[in-house]
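Chains as they are written, first to last, in this note's numbering: chain A, 2 to 316; chain B, 934 to 1473.
These aren't lab readings, by the way, just hints derived from the structure by calculation.
All values derive from a computational prediction rather than experimental measurement.
It is possible that some hints are incorrect.
[To be verified] In silico DSS-like links for lysine-lysine, alpha-carbon gap of 25 Å or less:
1) LYS248(A) to LYS133(A)
2) LYS1358(B) to LYS46(A)
3) LYS111(A) to LYS220(A)
4) LYS111(A) to LYS133(A)
5) LYS1216(B) to LYS64(A)
6) LYS1430(B) to LYS1121(B)
7) LYS106(A) to LYS1358(B)
8) LYS220(A) to LYS248(A)
9) LYS106(A) to LYS133(A)
10) LYS46(A) to LYS999(B)
11) LYS1430(B) to LYS1358(B)
12) LYS133(A) to LYS90(A)
[Claimed, not checked] Examples of chain A residues toward chain B, derived with CB under 7 Å:
13) TYR47
14) VAL87
15) GLN139
16) VAL141
17) ILE142
18) TYR181
Just so it is clear, CB atoms sit at the ideal spot from N, CA and C, and this is done for glycine as well.
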Amino acid sequence: MNFPLFPPAASTIAPQTDLLFIVLVAVSALVLAVIFIPTIYFLIKYRRGRRVDRRMPELPSFKIEVTWTLITLVIFLGLYAWASEVYLKIETPPADALELNVVGKQWMWKIEHPEGISEIDQLHIPIGQNVKLILASQDVIHSFFIPAFRVKEDVVPGRYTTEWFCATEPGTYHLFCSQYCGANHAQMIGQVIAMDPAAYQRWLTQKSPGVTLAQRGAKLFRDLGCSGCHMGNSIVHAPRLEGLYGKPVPLANGQVVVADDTYIRDCILTPQLRVPGGYPPVMPTFQGHVTEDELFQLTAYIKSLATATVEGGQP
Amino acid sequence: MNALQEKLAVEIPAEDYLHCEHGLKSWLLTKDHKRIGLLYLFSILFFFALAAFAAAMMRAELLTPKGDLLIPTDYNKMFTMHGVLMVWFFLIPSIPGVLGNFILPLMLGARDLAFPRLNLLSWYLFIIGGFMALHAIVIGGVDTGWTFYTPYSTTYSNTHVVEMAAGVFVAGFSSILTGLNFIITIHKMRAPGLTWFRLPLFVWSMYSTSLILVLATPVLAMTLTLMAVERIWHVGIFNPALGGDPVLFQHLFWFYSHPAVYIMILPGMGVASEIVTCFSRKKIFGYEFVAFSSIAIALLGFLVWGHHMFVSSMSAYAGAVFSLMSFLVAVPSAIKVFNWTMTLYKGSISLDTPMIYLLGFIALFAIGGLTGIFLACLAEDVHLHDTYFVIAHFHYIMVGGMVTTFMAGLHYWWPKITGRMYPEKLGQLAALILFGGFNLTFFPQYILGFLGMPRRYHAYPPEFQIYNVLSTAGASILAIGYLMPAFYLVWSLRNGKRAGPNPWGATGLEWKTSSPPPKHNFHETPVVTEDAYNYPPLID
Chain A
2 MNFPLFPPAA
12 STIAPQTDLL
22 FIVLVAVSAL
32 VLAVIFIPTI
42 YFLIKYRRGR
52 RVDRRMPELP
62 SFKIEVTWTL
72 ITLVIFLGLY
82 AWASEVYLKI
92 ETPPADALEL
102 NVVGKQWMWK
112 IEHPEGISEI
122 DQLHIPIGQN
132 VKLILASQDV
142 IHSFFIPAFR
152 VKEDVVPGRY
162 TTEWFCATEP
172 GTYHLFCSQY
182 CGANHAQMIG
192 QVIAMDPAAY
202 QRWLTQKSPG
212 VTLAQRGAKL
222 FRDLGCSGCH
232 MGNSIVHAPR
242 LEGLYGKPVP
252 LANGQVVVAD
262 DTYIRDCILT
272 PQLRVPGGYP
282 PVMPTFQGHV
292 TEDELFQLTA
302 YIKSLATATV
312 EGGQP
Chain B
934 MNALQEKLAV
944 EIPAEDYLHC
954 EHGLKSWLLT
964 KDHKRIGLLY
974 LFSILFFFAL
984 AAFAAAMMRA
994 ELLTPKGDLL
1004 IPTDYNKMFT
1014 MHGVLMVWFF
1024 LIPSIPGVLG
1034 NFILPLMLGA
1044 RDLAFPRLNL
1054 LSWYLFIIGG
1064 FMALHAIVIG
1074 GVDTGWTFYT
1084 PYSTTYSNTH
1094 VVEMAAGVFV
1104 AGFSSILTGL
1114 NFIITIHKMR
1124 APGLTWFRLP
1134 LFVWSMYSTS
1144 LILVLATPVL
1154 AMTLTLMAVE
1164 RIWHVGIFNP
1174 ALGGDPVLFQ
1184 HLFWFYSHPA
1194 VYIMILPGMG
1204 VASEIVTCFS
1214 RKKIFGYEFV
1224 AFSSIAIALL
1234 GFLVWGHHMF
1244 VSSMSAYAGA
1254 VFSLMSFLVA
1264 VPSAIKVFNW
1274 TMTLYKGSIS
1284 LDTPMIYLLG
1294 FIALFAIGGL
1304 TGIFLACLAE
1314 DVHLHDTYFV
1324 IAHFHYIMVG
1334 GMVTTFMAGL
1344 HYWWPKITGR
1354 MYPEKLGQLA
1364 ALILFGGFNL
1374 TFFPQYILGF
1384 LGMPRRYHAY
1394 PPEFQIYNVL
1404 STAGASILAI
1414 GYLMPAFYLV
1424 WSLRNGKRAG
1434 PNPWGATGLE
1444 WKTSSPPPKH
1454 NFHETPVVTE
1464 DAYNYPPLID
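Isolated chain A, as found in the complex:
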């Protein structure tokens, strides 16, 4: 019979959290020894009926209490600082990451690659490259958990969350939904396939549908009528989207926000919330009219406009 003790470790984070885990096991073993060895010794030595010197010496009990409190505290603070440092790495996606979109819904994962490939319950990624997932939920809270990479993040409806990793070993790994999400929660599982970069490139070419995510977004942009105001010579005074993505936007209320995925999402779903300065608050909400999937397409399109310029000068 097989008694596995370690899950596969296949990301740059895994060795860091595993080292922490091993140290935690060692510290725990030490603490248990400090408790158990004297306990067992006392149980044997001071068993009722045994003749042994039981006269209690005058112990400096206050000093003893303060000593073991401080030792415990120092060990705890050390572990705290170490674990927090690694956590901040896990929580901070690097800037150069390949961005993939993930939609969780009862009970499947849909992954959108910028090249236009969609996958269900499978995630193909290249090893040796930072990958950032932008996670959205169509319904309830899910959680995107890849044990081999030691990463997990809840997928919360109504907002984007992110998760990143850099795979180190080619292979096929488990993908689990780890936040209870209803009847078929246990079926909301899939595979992460980490590939050599060359194999990944071949896979991309082979699977490419010929239409990128941004191009699908452009079509949707016209179909939903967004282009009527945000493009061409519209009579409605609406902000142009060329060159917008990633830039600071001064708002009507005086705040300045960066036009990132979350801002674009918010502008489509709750346009009155953060109106850009100088524009009337006339945009209708698309809440209930666009799916999380379509939001990703529209965002990809607006992203693709980041380097474009408006014909006629005004940036």
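Once you've looked at the hints, dock chain B against the given chain A.
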């Protein structure tokens, strides 16, 4: 010796609390804290049996990787039933409701709690809440998990969420009233000479527990109300499609439910201090540190709720604060364990059943506490959160900690409650079986969690099977460990040896009155002139 016990038996006044009145009415309308304690005992054991049945169904399902015994929805209803009944209808009322009610006034030298009628109301609210929850289960059940996470609970679940939440809501008032009753009793009804620093540590732990019951439970009531409002009237509070925030629910829920974890362990710590001193014949080491660590746990426990939410999309910096607070709240628990160990030093240790349970508790609580440190470590929690590691961790605390000390306390005070001794050898055997079965059930789950098996899965990849088989095997042994006391304790009611007022030779006012105690506890008000656990000095 036997002759002496026979003599004591003859001297037991006929009007002890069990025999002074007869009939169902005398129980259901009693204002006697001792009888109410027994009402709680029967009720929580009833809910425990139902919740254990749900656990047995889950363990049977998990014997094989495929979901073959239960359909997914039924499995989900099983773990919801297990969680709701165990948390609110067994663990939270277990030691406070049964042992707290029975022993606390005796320890204080009081005739009863401050508000006996309110105490009876607490029990009725508990029973009404419990039957509302049972009703929700019988008419079809609930599949949200005991955590009722939104928006699943408010919008997507097609089960009887509001009915179940209403049951928990009503039972919450029972908690609040019991907490209030205990606080006032401890303040106002201590016997002459029983100053704060002469109180048995069980009283300190009940005081800390009561603080949490009174301060945290209202937040649970509000949270469940908000959830019901959204579910019934579609007011956008938690569902983002209605303009709400689903993570807000988690903040509110854990603001109650993390302190509630301490409701479920502080009483056990109190029992531990009573037993370790009695069976070592010694004063507790570091009385003030053990007493104040209970208060520290109760207060710090209110500031750690965010550690359930490190991967919930909460800010990383908020995570860092909650992680720090979680480390800090572990310090007073560690202090307690060190003090219990040190109390054994130069003691006169006798391994009676309560002491065996108690030693098992120290081991299991230490393991459960240390694995809590793993989860407080932010980077480690990212991997372990929502896996079986968490399940194993909190069962080591809830079952290894609370249930073990409940069993320890039940055996320790059984002679006081019933006037009879349980069979000692069987008791020791059951305690050992419980310890072994518990570890075999839950230790493999730590490994499962580290390997990545998520919780609340009725089906799982085949490589996880071996540890699930071990866990299910352990659960069968654990069941024997629970069933044995059920039989021999009932047997002892008629056939146990007469206990006499103080079979353990323990200190504490509860041992100064007859067993079972008379209706009003003491024939004359006791006067206290010494510290707690003032056992005579040991020489050899």
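Evaluated hints:
no.: 1; hint: LYS248(A) to LYS133(A); verdict: 20 Å, holds
no.: 2; hint: LYS1358(B) to LYS46(A); verdict: 22 Å, holds
no.: 3; hint: LYS111(A) to LYS220(A); verdict: 20 Å, holds
no.: 4; hint: LYS111(A) to LYS133(A); verdict: 15 Å, holds
no.: 5; hint: LYS1216(B) to LYS64(A); verdict: 18 Å, holds
no.: 6; hint: LYS1430(B) to LYS1121(B); verdict: 36 Å, violated
no.: 7; hint: LYS106(A) to LYS1358(B); verdict: 56 Å, violated
no.: 8; hint: LYS220(A) to LYS248(A); verdict: 24 Å, holds
no.: 9; hint: LYS106(A) to LYS133(A); verdict: 19 Å, holds
no.: 10; hint: LYS46(A) to LYS999(B); verdict: 51 Å, violated
no.: 11; hint: LYS1430(B) to LYS1358(B); verdict: 13 Å, holds
no.: 12; hint: LYS133(A) to LYS90(A); verdict: 13 Å, holds
no.: 13; hint: TYR47; verdict: 5 Å, holds
no.: 14; hint: VAL87; verdict: 4 Å, holds
no.: 15; hint: GLN139; verdict: 10 Å, violated
no.: 16; hint: VAL141; verdict: 4 Å, holds
no.: 17; hint: ILE142; verdict: 6 Å, holds
no.: 18; hint: TYR181; verdict: 4 Å, holds
Of the numbered hints listed earlier, those contradicted by the structure are 6, 7, 10, 15.
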